[in-house]
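Trainee: Given the sequences, and given the hints that come with them, work out the whole structure.
Order-wise, the sequence lines are chains A and B. Note that my numbering has the first sequence beginning at 1, numbered continuously upward. Note that my numbering has the second sequence beginning at 1, numbered continuously upward.
Hints are computed from structural coordinates only; laboratory data are not their basis. You may find that some hints are simply not true.
For chains that are exact copies, the list does not tell them apart, and a pair is met inside one copy or across any two.
As the list claims (entries may be wrong) - Straight-line alpha carbon distances no greater than 25 Å define the calculated SDA-like cross-link-like pairs of lysine to any residue that follow:
no., residue 1, residue 2
1, Lys43, Arg98
2, Lys53, Glu3
3, Lys43, Leu27
4, Lys43, Ile106
5, Lys53, Gly111
6, Lys43, His18
7, Lys43, Phe99
8, Lys43, Glu94
9, Lys43, Pro107
2 protein chains.
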Amino acid sequence: MEEQVELVGRAFVDHFYHLFDNDRSSLSSLYQPTSMLTFEGQKIQGVDEISTKLNQLPFDQCQHVISTIDSQPSSFTGGIMVFVSGSLQLAGEEHSLRFSQMFHLIPTPQGSYFVQNDIFRLNYG
Amino acid sequence: MEEQVELVGRAFVDHFYHLFDNDRSSLSSLYQPTSMLTFEGQKIQGVDEISTKLNQLPFDQCQHVISTIDSQPSSFTGGIMVFVSGSLQLAGEEHSLRFSQMFHLIPTPQGSYFVQNDIFRLNYG
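Mentor: What follows is the structure, given as C-alpha cells:
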C-alpha cells in the first residue's frame with residue numbers, strides 16, 4: 001500500500017511536469033470542474049479557469065527539475081497527497097526559481113486520478 | 001465558505017506553531033492514531049510515534065516565522081488543506097531555515113479538526 005502510493009505519486013509528478021514543460025495545454029486533462037488551484041496566493045476554481053491560468057502564465061518555455069517527492073495516502077477519499085519541491089528554469093533566464101507544490105489526487109471511476117487540490121508557491125530566499 | 005476555510009486555516013497555523021515553539025509536547029493533541037507525518041522524507045504514523053519524533057528533534061528552542069498560508073476546502077472529507085511557507089529560527093543559530101509544510105485537517109465529532117496528513121520539508125537554496 002505504502003509502496004503503491006509512492007509509485008503513483010512519482011508517476012503523477014513525472015507526468016504532470018512533463019506535460020507542463022512540453023505540452024502545457026494538455027494539463028487540463030488532469031483537472032475536473034471541482035478542482036481548485038491556488039497559484040502564488042491567487043485562487044482559481046474549475047478545469048477551464050485553471051487551464052486558462054496555466055496557459056497564460058507570463059513565461060513560455062520552462063523546465064521543472066524535481067528535488068523531492070513525498071506521498072501519503074489520503075484517508076476517507078482513497079486518494080493521494082503529493083508534496084513536491086524543485087526548481088523552475090525559465091527559458092532565457094540565468095537563475096532558476098525554487099518552488100513547492102502540493103496536489104490532492106482523487107481516484108476517477110476509470111481507475112486513474114485527477115487533481116482536486118493544487119497549491120503552488122515560489123520559495124523566496 | 002471560502003472565508004471560513006481561510007479563517008480556520010490561519011487559526012490552525014497560529015495554534016500549531018505557537019505550540020511547537022512554546023509547548024511542543026502539546027502538539028500530540030492535534031494528531032490521532034491514523035495521522036501520518038513525513039518529516040524530511042521520514043515517514044511516521046500514529047499520534048504516539050509523531051509526538052515522539054517531534055519531541056526528539058535535534059533542537060530545543062525554536063521560532064517559526066510564517067510567510068504564506070494557503071487554504072482550500074478538502075472535498076469529500078469536509079476537511080481543509082493548508083499549505084504553509086516560512087522560516088525556522090533555531091536558538092543560538094545565526095541563520096534561519098526556510099521550510100514548507102502541508103496539513104490535511106479532518107473535522108472531529110467535537111467540531112474541531114485534527115491533522116490527518118502532515119508533510120514537512122526544509123527548502124534548500
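Trainee: All hints are to be evaluated individually against the structure, with a verdict given for each.
Mentor: Hint-by-hint comparison with the structure:
1. For the identical chains of this complex, lysine 43 and arginine 98 are neighbours both inside a copy (21 Å) and across copies (24 Å), given an alpha-carbon limit of 25 Å.
2. Taking CA atoms no more than 25 Å apart as the test, lysine 53 paired with glutamate 3 passes between copies only; the shortest distance there is 22 Å, against 33 Å inside one copy.
3. In this assembly of identical chains, lysine 43 and leucine 27 lie within 25 Å of each other by CA distance solely inside one copy; the values are 17 Å within and 30 Å between copies.
4. Within a single copy, lysine 43 and isoleucine 106 get their C-alpha atoms as close as 20 Å, and across copies as close as 21 Å, so both meet the 25 Å cut-off.
5. Within a single copy, lysine 53 and glycine 111 get their C-alpha atoms no closer than 27 Å, and across copies no closer than 36 Å, so neither meets the 25 Å cut-off.
6. Taking the closest pair of Cα atoms, lysine 43 and histidine 18 come within 25 Å of each other only inside a single copy of the chain (24 Å); across copies the shortest separation is 27 Å, beyond that limit.
7. Proximity of lysine 43 and phenylalanine 99 under a CA criterion of 25 Å is satisfied in both settings, with 17 Å inside one chain copy and 22 Å between copies.
8. For the homomeric pair lysine 43 and glutamate 94, neither the shortest alpha-carbon distance inside one copy (29 Å) nor that between copies (36 Å) is at most 25 Å.
9. Taking CA atoms no more than 25 Å apart as the test, lysine 43 paired with proline 107 passes in both settings, with 23 Å inside one copy and 23 Å between copies.
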